[in-house]
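Trainee: Below are the chains, spelled out letter by letter.
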Amino acid sequence: MAPLTGAKVALFATCITDTVKPSVPIATVKLLERLGCRVEYPAKQTCCGQIMTNTGYFDEAVPTVRNFVETFGEYDYIVAPSGSCVGSVRDQHTMLARHAGDAGLEKEAGAVAARTYELTEFIVDVLGVTDVGAYFPHKVTYHPSCHGLRITRVGDRPERLLSAVEGIELVDLPDARSCCGFGGTFSVKNSDVSIAMATDKANNAVSTGAEYITGGDHACLMNIGGVAHRNGQHITPIHLVEILAATKEDAR
Amino acid sequence: MTATPTRRTPEPGSWLGIPAFPKAAPGELANETQRRNLRHATTTIRAKRVVRASEVPNWEELRTAGAQIKDRVGRHLDEYLVQAEEAMTKAGITVHWARDAADANQIVAEIAKAKGVDEVVKIKSMVTQEIDLNEALEAEGIAAWETDLAELIVQLGHDLPSHILVPAIHRNRDEVQDIFTREMGLYGTPAPEGISNNPEELAAAARVHLREKFLRAKMAVSGGNFIVAETGTLVIVESEGNGRMCLTLPETLVSVVGIEKLVPTLEDLEVFLKLLPRSSTGERMNPYTSMWTGVTEGDGPQDLHVILLDNGRSNVLSDPEGRAALRCIRCSACLNICPVYERVGGHAYGNPYPGPIGAILGPQLRGMEDERDRALPFASSLCGACNEVCPVRIPFTDILVHLRHKVVEYKTAKHPTVEQGIMKGAGWVMADGSHLATVQAGERIGGRVFRGKWLGPMGPIPIAKEWLKGRDLEPLPTQNFRQWWKKNREGGQR
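As you go down the protein sequences, you meet chains A and B in turn. Just so it is clear: in the first sequence, position 228 is 228 by the UniProt record's numbering, and no numbers are missing. Just so it is clear: in the second sequence, position 477 is 477 by the UniProt record's numbering, and no numbers are missing.
Check each hint, because a few of them may be wrong.
Unchecked claim - Computed footprint of chain A on chain B, listed as stretches where at least three residues anywhere in the stretch have a Cβ under 8 Å from a Cβ of chain A:
#1 18–28
#2 335–343
#3 373–383
#4 416–426
#5 429–437
#6 458–472
As the list claims (entries may be wrong) - Over 10 Å on every C-beta distance to chain B, these chain A residues come out as not near it, computed from the model:
#7 Lys8
#8 Asp18
#9 Tyr135
As the list claims (entries may be wrong) - For lysine-lysine, the following DSS-like pairs were computed, each having C-alpha atoms within a straight-line distance of at most 25 Å:
#10 Lys44/A <-> Lys424/B
#11 Lys44/A <-> Lys487/B
#12 Lys139/A <-> Lys248/A
These are calculated hints, taken from the structure and not from any lab test. Idealized CB from N, CA, C, for every residue including glycine.
Looking at chain B on its own, in the form it has when it is part of the complex (with noise of 0.2 Å):
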């Protein structure tokens, strides 16, 4: 007997059971085959990236021009938001306005149903995971099909996406077989008989299967990567030309779009189609940028809804030192070239923003109750990489950690902790040399006692447990440098 599906789509993993950073990362470390992928994808592109840059003799000038622009939209985000409103409502978009994720989920199912659709194709777009939107779609009896390579491999596998812009690049050739093989054919055309791990042949089988969903949508969904606040256009980027299909053949397209994707300009947006590709797939353009000023009969869709969404943003622009990271244009150049991202992957983040802009993205957007988005900002070693190959000049370190200081003051407003208690007492410590002497009396008789003798793994003293778990600490020395000074330059002989 088979059982009815009570599903459209596959069903995706969750988010929710991933548990915070620190706990997550062991067992993704630990998965040989995620680490080589994704040491081999990131270290292409970041090589292609530093090519494309430099290629652009006012690079540096562009980025600090992307970066102002930026901040300029978001001081004056309110006239620009009224702005592209009215010049998109003139063109003849409907502009929805969404607080929040639930807000744009209903906007977006109340389209669909209201055109009778159960079912619409998707663009890749970070906004619509960050909202959960196909979920939110499912629950209303309407199936989302994601018709990007990529994130057809992670619906497919009901799986999470782990990069920006390659969600599924934990994955290889073998899995993507396997995946294709097994569920195409439970939702829409199979793949071929006997397919093998070639690259060509997954492609043109997702090609077929992606055809068929295409030529029957009524309607599409996708996010935005700019919206031009002087001419009402909406502007979307993309690399393999599915999207241009979402955005042509169906009658009705709606665009779920975060209120900081302005920019002002025609003009403007010139410097972001320049930094953009180069920084994310180290083309030196996007294969395809389609623009929509409004609808045009005979071609492309007829009715165009933006949904403009805040879902935290307002919050994010409130906080003078954590609002330039809403300057990200997601390029996930910050991914490629972070050590930490290449060796644990995106799932450990627990967020569909992972990397570096996730770590100073997703508390500020979601705030921080919960433990998984508290442990973000330490999710890091600061060694920034990142601040280097930001497009717009987001200075990660610095919001890091600043968000390290809001998580401190988050976590002791209740009851004191032993961390604070430490770092009080380092505190202490580090006011005065007289103090640090005392400590380092302590150390000398440490120096002692292991006379010269690597320490190795340790029992349960927190500290030590941690670092002594893979690394041994080299042997106290049983002088200091204080003592070496007063014996031999202060009143010793020299």
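Bound-form chain A, shown alone (with noise of 0.2 Å):
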């Protein structure tokens, strides 16, 4: 695919990095411009809905879904820095319309998803570019995330992408695909277990003697990094958008 330049782009900056680590969507307008993006960020947007819909209520999601297709309709190209935002778009908007007995909404909801984009794809996928001029000489160990990995379905382009960075050093981490217990509301109803989850994760991820552990979906890395925090380790979350927009002139 020949690369695409001067697209519009809607950053759809999820809830969560928007609010608690905003590093990640500014990463990814910087990445995207230097990547010759018009990026635009709708103020309207808010959420994907996920929290609501994976504890069981829908009605309360159902408004999210209403929001996502006024706020993002118009646009060919919704990209998001989480494979857990954007599988929740692709996944579950159109079960919350039928849900809400809103046949409309659906056939809009589905033809917005159909748009909406993880980073890392709209990237490889549509920009056709795998070498984004990043520059980052540190250790680092990647972890697939769940939904990226099983629901998006991203496939190798997060690694991909990673290894084209300069002065990286990618190792593998042990035990990757087995998932690291945030699990929204999952983290809290069933903390016991997913600490447990999370502190196995953050001991492979430390027994590899990475400086950082990155992946694709901040709300792991929130949940990884804490546990190595409690337990005083030594590694660092970072986004991978974090890393794709380092360049040299970041590192002098």
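Can you join these two chains into the complex? Each is in its own frame, and there are hints to help.
Mentor: Shown next, in the form of structure tokens:
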């Protein structure tokens, strides 16, 4: 596919990084602009509704579907730095519209979902780029988040992008495909099991000797990093877009 | 003075003593031996499954075929059941219908009494666990002896099974040595003096103990993996050969079979005989596959009964979102891949069906009346690993989310809950960016108050308390993205 330049892209910042980890959407903006995109941030946006949906509150999640369709309906490309939120948009929005008995919304939600991309999918498949010109001279291990892997199916795109980063040393994470235990409200409803899962994940990450653990979903990194911090382990969680956005200029 | 034993078989543990999943899990997590055993066993089995599945060139198509056949059976269950009943009856099998557990247990007990037997040998079966058959027979003065090695360990240990395929997966060989030494003699041939924890010695002791029961038994009880509707053939697969002993030695065989276990034709059966062993034990085929089409003089059981059991299955079938759970062929691949199961084991699920399949089947078969069943759909991180391995493509995570919604409906039907209030609030916040911006303004204050500090353990604040129990929360920012955008892109300098 020929590189697509000048594409108008709507950033779906996702409620969690918009609110608690702005460095992630900021890095997304910088990276996409560097790759020649015109990025817009529609201020009406909020959330994919996953937290309500996956806790069983379908009625409470329906307004997020309406808002998503209204906010992003005009755009050809909607891009989010999260495999999980994109998975929710693609996998659950039509179900919620059906639940609300709104056939029109179901159709629109399906159409908008088909134009919604996880960041690495957009870069590799739409922009046709695997070397984004990043520089990150550190030892890094990659955790493929469950929803990115199994719902959004980002495949090996994150690894392809990361391995093209100059200076990076990528090391394999043992038992990489096993869940970190976040799971939205699972992390509070079954906090003990969740912490046990995150502890194993953090220990595996530390065992690689990496300075950073990266991934495509901030929530998983927050979970793994939270356990590592509590246990006094020295490994820093970093979203993969922050690595991909980093350049030699930043390093100076 | 020795008290006269009031029971004939070892008193089992009780599911009723187990609290709802979130309360049961911490105790199970703390059991280091169990966690080590589970990790080792599930890791080994799932690695074998990957190898065996990858050997089949059309594995993905085979999974689709399995799902489609099972769905077709569900759509036309009424017709297939009648067809199966006619074919079985014609072949000489006596067919019984059981609406629920009590019905089925009563039929088994009546057959035993009519035969004048006061003990039966059993093939490992999930359905008889589901209906608590052993306890029902015990109450009628009939001893039911488990003959599968793992089920024997569970039975003699006054324990509960914790895995569909490997019921004693939570036990190690030291524990088995103790159980055999202590209990075998109370219920039959004792273990040899000074038996060690060597698996071969333990298996030999079990063989001797069971041989006596096999040779004496006049009646056997089993479940059933499949019934071929077209031919009326009862199919039972197993690994140890104990099942073959139960299926061939006693004069009478009674099989309790869930109504969803039908397959239309022998050709359809072929699909499952490929899917099941590779998914469950990581074998190319089951070591023992026994198929009975009626009775044959001088060969096998001379009196064969099949009890077709509903016990909630037709309710499951009536739910378009949840019914795919009935495709399950009890291979346990979902247990072996589940990160939650791997850490807490089977008992915390409070149900003979543990793991992902238990979390979706338990509450559907039993209903939502009990707190333990309402907790099960939430006993998952929704990681979706189970979806990937299921040989009949059960969409576990979709069904889990669907059942969570049903739990919420159940809980909020009578009165509003705190969680509902939180979710309603979240729904309002997320309905529009201007609402979210208001909340983010409050969150920035938090960022300024804590000034780059991680948040640690926190008192009785509901959600924070659970989150911060074993992990810290990274520092809140003093500027969110929405503000950054306003300053740096929208009207601000670039």
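Trainee: Compare the structure with each hint and give your call.
Mentor: For each hint, the structure was consulted:
Judged by the Cβ-Cβ criterion of 8 Å, the region 18–28 of chain B is covered by chain A as claimed, because 4 of its residues qualify and three suffice. Coverage of the region 335–343 of chain B by chain A holds. Counting CB-CB distances below 8 Å, 3 residues qualify, and the rule asks for three or more. Judged by the Cβ-Cβ criterion of 8 Å, the region 373–383 of chain B is covered by chain A as claimed, because 7 of its residues qualify and three suffice. Coverage of the region 416–426 of chain B by chain A holds. Counting CB-CB distances below 8 Å, 5 residues qualify, and the rule asks for three or more.
Under the rule that three or more residues need a Cβ within less than 8 Å of chain A, the assignment of the region 429–437 of chain B holds, with 9 such residues. Given as covered by chain A, the region 458–472 of chain B passes the check, having 7 residues with a CB less than 8 Å from a CB of that chain where 3 are the minimum. For Lys8/A, the requirement that its beta carbon stay farther than 10 Å from each beta carbon of chain B is met, with the minimum near 14 Å. For Asp18/A, the shortest C-beta to C-beta distance to chain B comes to about 4 Å, within the 10 Å cut-off, and the non-interface label is violated.
At the 10 Å boundary, the C-beta of Tyr135/A stays outside the reach of chain B, the nearest C-beta of that chain being 22 Å off. For the proposed pair Lys44/A and Lys424/B, the alpha carbon gap of about 19 Å is at most 25 Å, so the pair holds. Simply put, Lys44/A and Lys487/B have alpha-carbon atoms about 17 Å apart, close enough for the 25 Å limit, and the pair holds. Taken as a hint, the Lys139/A and Lys248/A pair is honoured in the structure, with Cα atoms around 16 Å apart against an allowance of 25 Å.
The structure is inconsistent with hint 8 alone, although it conforms to all the rest.
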